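Participant: Chain by chain, the residues:
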Amino acid sequence: MSAPRKILLVDDEEGIRKVLGLSLADRGHEVHTAGNAEQALALFRELLPPIVLTDIKMPGMDGLALLQAIKAEALVLGRDVEVILITGHGDIDQAIQGIKLDATDFVTKPISDDALDIALSRASERLELRQAIREHTEELERLVEQKTRELIAAERLAAVGQTVAGLSHAIKNLASGLEGSIFLLGKGLELDRRTYLDQGWEMLKANVEKIKDLSLEMLRYARPEALRPALCDPALPARQVAELLGAKAQAAGVALTLAHPPDMALALLDAEALHRALMNLVGNALDACQAAGFGPEAPGGRVLLTVEAQPEGGVRYSVNDNGSGLDEEARSRLFTAFFSTKGEGGSGLGLMTTKKIAEAHGGSVAVTSEIGLGTTFSIVIPGRNGLNL
Amino acid sequence: MTAGTGLGRVLVVDDEMHLRLYIAAVFETAGYETAMARDGEEGFRKALEWKPDLVSLDLMMPNEGGIRLFQRLKADRELKTAGVLVVSAIGGEAFRHSLALVRSGMNGKDGGMLPDVDGYVEKPPSPEALLSEAGRILAARGAGTGENIKEA
Numbered sequence: 001m002s003a004p005r006k007i008l009l010v011d012d013e014e015g016i017r018k019v020l021g022l023s024l025a026d027r028g029h030e031v032h033t034a035g036n037a038e039q040a041l042a043l044f045r046e047l048l049p050p051i052v053l054t055d056i057k058m059p060g061m062d063g064l065a066l067l068q069a070i071k072a073e074a075l076v077l078g079r080d081v082e083v084i085l086i087t088g089h090g091d092i093d094q095a096i097q098g099i100k101l102d103a104t105d106f107v108t109k110p111i112s113d114d115a116l117d118i119a120l121s122r123a124s125e126r127l128e129l130r131q132a133i134r135e136h137t138e139e140l141e142r143l144v145e146q147k148t149r150e151l152i153a154a155e156r157l158a159a160v161g162q163t164v165a166g167l168s169h170a171i172k173n174l175a176s177g178l179e180g181s182i183f184l185l186g187k188g189l190e191l192d193r194r195t196y197l198d199q200g201w202e203m204l205k206a207n208v209e210k211i212k213d214l215s216l217e218m219l220r221y222a223r224p225e226a227l228r229p230a231l232c233d234p235a236l237p238a239r240q241v242a243e244l245l246g247a248k249a250q251a252a253g254v255a256l257t258l259a260h261p262p263d264m265a266l267a268l269l270d271a272e273a274l275h276r277a278l279m280n281l282v283g284n285a286l287d288a289c290q291a292a293g294f295g296p297e298a299p300g301g302r303v304l305l306t307v308e309a310q311p312e313g314g315v316r317y318s319v320n321d322n323g324s325g326l327d328e329e330a331r332s333r334l335f336t337a338f339f340s341t342k343g344e345g346g347s348g349l350g351l352m353t354t355k356k357i358a359e360a361h362g363g364s365v366a367v368t369s370e371i372g373l374g375t376t377f378s379i380v381i382p383g384r385n386g387l388n389l
Numbered sequence: 001m002t003a004g005t006g007l008g009r010v011l012v013v014d015d016e017m018h019l020r021l022y023i024a025a026v027f028e029t030a031g032y033e034t035a036m037a038r039d040g041e042e043g044f045r046k047a048l049e050w051k052p053d054l055v056s057l058d059l060m061m062p063n064e065g066g067i068r069l070f071q072r073l074k075a076d077r078e079l080k081t082a083g084v085l086v087v088s089a090i091g092g093e094a095f096r097h098s099l100a101l102v103r104s105g106m107n108g109k110d111g112g113m114l115p116d117v118d119g120y121v122e123k124p125p126s127p128e129a130l131l132s133e134a135g136r137i138l139a140a141r142g143a144g145t146g147e148n149i150k151e152a
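Protein chains in written order, with this note's numbering: chain R, 1 to 389; chain W, 1 to 152.
Simulated from the structure, these hints should not be mistaken for lab results.
Check the hints yourself; a few may be wrong.
[To be verified] A few chain R positions that, by computed beta-carbon distances, are all more than 10 Å from chain W:
id : residue
1  : Gly-35
2  : Glu-179
3  : Asp-213
[Said to hold, decoys possible] DEER-style ranges, computed between Cβ atoms:
id : chain 1 : residue 1 : chain 2 : residue 2 : range
4  : W       : Thr-81    : R       : Ala-158   : 38 to 46 Å
5  : W       : Ser-98    : R       : Lys-212   : 53 to 61 Å
6  : W       : Arg-96    : R       : Trp-201   : 35 to 43 Å
7  : R       : Phe-335   : W       : Ser-98    : 18 to 26 Å
8  : R       : Phe-335   : W       : Thr-81    : 21 to 29 Å
Everything numeric in this text was worked out from a predicted model, so none of it was measured.
Just so it is clear, CB atoms sit at the ideal spot from N, CA and C, and this is done for glycine as well.
The following block holds chain W by itself, in its conformation from the complex:
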């Protein structure tokens, strides 16, 4: 884990080591704090310990897949406020479609409707795309926190 300059904490979850290092370096050099995990299980554990502001998530991973981790994050009372940025080789449209399928299949389970992901970057991810999506998500999340409190 690395110390940043206070922009926020990003947890990078990807099964491929190179990609993990690369994405983490992109966030780190831009001033974020970063941590890394290699699959969904480790990702969830680190998220619990470290309370990231944003999770950069690969979807196709062995063991625990990305969608399952996304579900678990959104089902957790504390972690559900973390932004989720999906980084995947699956094209954006195909990804939304499969997410919609998962969502329709789990209505009412695991704490209700699965929300949409907060952002999406297609692989190969460019540093610019990663940073602009992350910035957008965190800005929106900052604005959205108040609503969450109101709801509660």
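Just chain R, same shape as in the assembly:
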């Protein structure tokens, strides 16, 4: 016996409605009846019964048309409905057509209790199966959604964790400096030693300066990069940077060279932002040369700043050095906040800012490097595909 359900019984013969209706009610079902297909369709919309039992041969709209109409309606409403056809003798062709139209089963008049039970339990099984599949799918979707949310949260936490760890390292270094200043000033006063007082005082000033720099850089990094693009010569920021850092490079035993094609086409860029980005890259290149041992007494460092046109009005800036190079671990962490290869010297924010500027232009930053041979950083700004404003 199948579970009691709401059943719509459709037959143009009142006698059958009565007998079959009683028989169904006797099985515990809630029975509604209709004498024709039109009435049945109206009742179906109103009651949404999961099972419809309909005669095939009816005046006007027949059972097969009703079957199709009800299936279509159910699909729109997102409801499950099982339709069982009632056929007379010699209606087997229509019954088969009904099965093709997704009827659950058919019972033949005169209707035996057994046949009715089998048809009803088949309908129930199909309803339950669909329900189970739907629940399973929903559960899967819910699971996927939950796991995705957890993953994103974990990644965010990891990023925050890395940032906090880096920041904590920077603060630890500052605290070291301040602790040192306090000790030196204290001992200077205690022992009346001018040297300690001078050292402590210098150290205090330098550390306060570092705190100011760090907070400024953090602010600059936290602020969204709002570009003010204008048509300009793409070589302009590179020329400015080469001029500004020329003296510093020379003093460090590094030959800083600028290369760009003459008369480059104007491009829509924020020259000021790119100036900052290139200052950072060229500054890093000089530091890498110093780390490789080049210096005033050991010249031979090379930094090449190149500007090239890209298709459709894009621009590529590259900064190539023959400095110390980056190992794989450093390369993979380059764009992490507060990661620095320069010990106390770097805030670990410069490249992050550079990347942000490139991305705000719809572009990207790429790096190739080999330990002991040097490093090349490139900012590629695509042409015409719009600024990321």
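Given chain R, work out where chain W should sit, using these hints.
Facilitator: Coordinates of chain W only, in the frame set by chain R:
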């Protein structure tokens, strides 16, 4: 280099000038003789010349890193008796882990197994921590010298 009151000689190796001055001042005012070096290379040279009793060592330095200097000190017949106090921003556990990695990677090379460092102070170093670790290392080293002679 400064003259102390005979507690011992401490060589301070750190790439950061302020920290170098500070750590040296801590030892100096406590009565040690001090000298300073800014990287591993200079540190090794000064150690050879000056024969310190204790080397206060920063681990993350450009050019020659702290671990390499530690290796060289321990590989030197004369210098290996000097105590090594690591002062580093790397947390104690992470430091021991990386040292263990280095040690496992250099079995048999450079004169055999690298010993453990003698002491460790995490940055920012407090004067108390520096002095108590240094005192402990030097006391243990005084006791240990006899064993070294026995071995030889």
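Participant: Indicate, hint by hint, whether the structure satisfies it.
Facilitator: Going through the hints against the structure:
Here Gly-35 of chain R stays apart from chain W, with its beta-carbon at least about 84 Å from theirs, past the 10 Å limit. Some Cβ of chain W comes within 10 Å of the Cβ of Glu-179 of chain R; the nearest lies about 5 Å off, and the non-interface call is violated. For Asp-213 of chain R, the condition that its CB be more than 10 Å from all CB atoms of chain W holds, with the nearest at approximately 15 Å. Taking the beta carbon of each, Thr-81 of chain W and Ala-158 of chain R are about 45 Å apart, inside 38 to 46 Å as hinted.
Checked against the given bound of 53 to 61 Å, the beta carbons of Ser-98 of chain W and Lys-212 of chain R, roughly 33 Å apart, lie outside it. A C-beta distance of roughly 37 Å is found between Arg-96 of chain W and Trp-201 of chain R, which places it inside the suggested range of 35 to 43 Å. Between Phe-335 of chain R and Ser-98 of chain W the beta carbon distance is about 24 Å. The supplied range of 18 to 26 Å therefore holds. One distance hint, 21 to 29 Å for the beta-carbon pair Phe-335 of chain R and Thr-81 of chain W, is violated here, with the actual separation near 46 Å.
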